[in-house]
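Participant: Listed below are the residues making up each chain.
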Amino acid sequence: MNFYTDDHPIIACSTGTQSNTAIAVIRLSGFKELLSLQPFFSFSLNKIKPRFSHLTNIVFNDQIFDNGLMVFFPEGESYTSENVLELSVHGNLLNIQRILDIFIKNAGFRAAHPGEFTYRALKNKKLSLSQVEGLDMLLNANSNLMLTQGLDILQGELHAQYLALYDSFLKLKAAVEISIDFSEDVGEEESKKLFNYSFSHFSKILESLHARTVGNVSSLLSPEVVLVGQTNAGKSSLFNLLVKQNRSIVSNIAGTTRDYISELIHIDGTNYKLVDTAGIRESKDVIENIGIDRAFEILNRAFFKILIINPFETNSDYLEKLSGVEFDLLLISHWDKLDFQKKISLLDLSKIRVNFSASASFETGSIGPISGNQFLVGPMGPLKTGSIEPLHFSGSIEPVMKNGPIEPPSKTAPIEPLVKGLLSEKFHKQTANSPILLERHRQCINELYLKKTEFSSKISGIDDIAILSSEVNIFSHYLSELIGILSPDDVLNSIFANFCIGK
Amino acid sequence: MKKNFDILIIGGGHAGAEAAWITSQFDLQVGLISSPNASLASAPCNPAIGGVGKGQVVREIDALGGLMGIVADKAGIQYRTLNESKGFAVQSTRVQVDKDLYTKNVEELLAAVQNLSIIREMVRSVERVDSHFTVTTELGNIVTAKKIVVTTGTFLGGKLHTGEEQTAGGRVECKESVGLNELFNEIKTLPNRFKTGTPPRLDRKTIDFSKLEPQESDSGTRNFHSLNSPFKRESRQVSCYLTKTNYETLSIIRANKERSPIFNGQIKGVGPRYCPSIEDKAFRYTEKDVHHVFIEPEGLDLETIYPNGVSTSLPKDVQESFIQTISGLENAKILVHGYAVEYDVVDTSQLSKTMEYISIPGLYFAGQVCGTSGYEEAAGQGIIAGVNAALAFLGKNPLVLDRYDSYIGVMVEDLVTNKRDEPYRLFTARSENRLYVREDNTIPRMRKYRRELELTSALDDFQEEFLEEVSLLEKLVDSTMLYSTKENKIYFDQYNYGPLEINISFKELLKRPDNNPITVLDRETRRLGIAFDIDVVRTVAVATKYEGYIDRAVVESERINRLGKKKINWESLADSKNISFECKLRIKTIRPETFAQLQRIEGIRPATLAYVAGNII
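Residue numbers (the numbering used here), protein chains in the order written: chain A, 1 to 503; chain B, 1 to 617.
Source of the hints: derived by calculation from the structure; they are not laboratory data.
Some clues are possibly wrong.
[What the hints assert, rightly or not] Calculated lysine-lysine pairs in the DSBU-like style (CA-CA distance at most 30 Å, straight line):
(1) Lys32/A / Lys584/B
(2) Lys396/B / Lys588/B
(3) Lys126/A / Lys316/B
(4) Lys126/A / Lys204/A
(5) Lys205/B / Lys316/B
(6) Lys458/A / Lys507/B
[To be verified] Which bits of chain B does chain A cover? Going by a derived footprint, with three or more residues having C-beta under 8 Å, they are:
(7) 216-224
(8) 424-434
Backbone N, C-alpha and C fix where the C-beta goes; we use that ideal spot for every residue, glycine too.
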């Protein structure tokens, strides 16, 4: 690891250095003797009570620099497992810098690198690698889901599950060893019982973890809502409507490619990136294809896909290109401008087969108070919605709509709550089993699960217990990776790359 | 009395006897000094040699030219193959021995060795003078030696406990030796003393054998000594018996917790977790009342019976009442009560892999004084210490066994790379290479080590010839194909060899899971008219069976141990600013060469491991 392997005392402001605030917390870690810091405090350090707040002036050479609170965490009982002192000072940026400088210039401290406090916690086994990953998720979360899971990995149920899995593996291994080395003491039947019991226990924990890795979570981490449709279909209207009412407090995501229009919207505890593919110009020349390729890329990773069709200007070649994509929502715009029979013919649906689930029903909705642009929203039933499939379909529309012909909806409703409701519903459904979000954990668990399945299918055929035991050993590799007992450098590097100074 | 030796062994137990036997195979003057009131290589605890993992050790000793296998066969009265149904790799031999016959044979064999002198006296002190050692006995006699092997077992500072009674002694009716620190004031002992125990001995006549389940001697278990014919026994064979404890037994023990020296604080030593006393079982597994008790005869003519599984240091009256609750033992009379012994243990992290005390060249330790339990473990160290004392005396390269191809290597490395906190017992789980370190391939595994001794004996000729036979049979197996002919198919059906739809190699037939490879190979070589010795057949058949698995296990364990095998530079670690003082001290004493050894050091901080791991990857 090319990380700071020295154990030099380090200092940093842990509460952010972007703007002036009322209070800032400065963290000092790794000093050998607390009393050596006496020259910097008015409070007598030999009276300090670990983990209690004390009011003190920060002083140096007879000059008072600030007045604040300090808390001392002794070695072994602190975040980094080293001696740690936390100072709550006035959060003026100049003030913070001045205090940092005092300790760096006069007390032998070095400015901490990003993530160095956490690295020390890892190094000193205060945190395991997976816990560090949890912390990373917690600190950089952009949804309630990530906040919750970050905390869960850090100290909660998921962390406990990992440890329980490891523990049950050790018991399984022990059961095998017992039947080899101590079967005379324990008895043949009992050791067999012990093995079966511990294997089923191990399997149970692993299976419940594995259930949480099924499905695509990358779309849950920073969920994107994509609007697809041809020019003038009404994408921008919908985009503006959703953004106006749900703009997120986080206005911008670093690293976003701005070749399409996107905004963060906040709905029900989760930030969604709303993408209007209008940014990708559709035209009739070659560029059109490039634009569509780009749209597809976005579409593939999107969490929620909305297709908007303008029945007056729908190009069936365009729709053909979208065949096979699973849309969550189909919007047909300018609905109010058509009468029902015309709608069908104008849509030119004879070339498009729309598969809706049996219970699909339709409602109309309008954007804003003016019902100038009314949409047909469909379907409103279960979230599984129509894929638009090709092609070369030559029959009439009726048999395709499984429920018979579309009946014109009787009432209209505002469209925005409908979209929001569908979005939230899908998100909650997909996160109901608290999916494991970290890709590394998912991979480890999947590998383990595969090995376990392989192993269970073999067990009955193996009467040679030494061979059985070497099969069991295969688990240990993946387990220690999952728990992060020992991990390769690149994992550490990629995790710590996300941390900022002071953490 | 002879006074000047090249090599002197102090202690005549299993380690000492083995050390004396092997060193006197070299052209050296060897002395063995042992307590006058204990017989040589006696079996103060269970009357058995071998066991899971331990059977492999006995065969390894035998292949190195040791004593234990020879004597176990002479005194063996019941043979068993343990784990017989669990696959060849974990099968081990255990032999019940007649205690009297065992020690009588050791005494006779050692007495017959020309260049070995046996002195029956207690040692008072050992001193190093220039390049040799001076040993003073209790009677004031002085002997000298260039190399010394200390194999004093439980005698150093030994203390016996039976209930409230405490006496000084190395075992029952044997005087203790002075403490290890008095013997050599420079030797570091472990801060904690160790403890071990033994069950009461019962009067054979008072046991109702009709209530017990007999276990007969297994005629298909191979004798230990490789030069002996495989299945011909030297002594009459008898049965052992099986019975069980019950709720009443354990209730009596639980009701007397306060009178148990282990639980009332009288014994401070640490006992082996893997060989628990019945008190340990009673209090540790409170929900379990049924424990196996093996009823083992101590000899063909001896009246004592060893009830294996109820080792105890409870007061005599408690021993008597709990024994009589056990089925078959209702009227059993105790002849010798169970007791526990506490003793000094040398800090084995001060030893090198030759069992030499690093800071005192020429001084070797082996056996229970090193904190191991078991006759086989003691003998295994005895032969390593003895061989290396001899090789060092002769100015030759030391003999170090690799943990990847022998259990002795596993044990020695485990001992010298760690400070132990409980008695060390070998079992197969301690080996990373269990599929390979088997009984059936002992000679192929050990031949290279025996060769290093540069001795010539009947054993060496036998081993060389054995390896030639093995390679011949391997070639035969490799090059034979079985063709899918009508006759062969009928033949396959006749012996349930499985399908023969296409031509298959002979190897494939041996590897088929439903076939016993030994039986098949034996039958087929005979059919070809080339009969091989059954030992050769076994070696080749089992090796073929495991071939693929061993390769895979090696790959797997290498993946797991990739980090463990990385070399580390302990000297630079000991100088590093990033490692705690305490860890540095431990690194300096243990001198780990690989990351795995560093990991095995007790008390090494995770931070140190993380630091080292971070720097070697």
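Participant: Taking the hints in turn, state whether each one holds.
Facilitator: Okay, the hints, checked on the actual structure:
Restraint check: the Cα-Cα separation between lysine 32/A and lysine 584/B comes to about 18 Å, which is no more than 30 Å; the hinted pair holds. Distance hint between lysine 396/B and lysine 588/B is fulfilled; the C-alpha atoms sit about 27 Å from each other, no more than 30 Å. Of the supplied pair hints, the one linking lysine 126/A and lysine 316/B is violated, its CA atoms being roughly 51 Å apart against a limit of 30 Å. Of the supplied pair hints, the one linking lysine 126/A and lysine 204/A holds, its CA atoms being roughly 28 Å apart against a limit of 30 Å.
Of the supplied pair hints, the one linking lysine 205/B and lysine 316/B holds, its CA atoms being roughly 20 Å apart against a limit of 30 Å. At most 30 Å may separate the alpha-carbon atoms for a hinted pair to count; lysine 458/A and lysine 507/B meet this at roughly 22 Å. Using a Cβ-Cβ cut-off of 8 Å, 0 residues of the segment 216-224 of chain B lie near chain A, which falls short of the minimum of three, so the contact claim is violated. Here's how the segment 424-434 of chain B fares: 4 of its residues keep a CB closer than 8 Å to some CB of chain A, so the rule of at least three is met and the hint holds.
When the structure is compared with the earlier hints, violations turn up for hints 3 and 7 and for no others.
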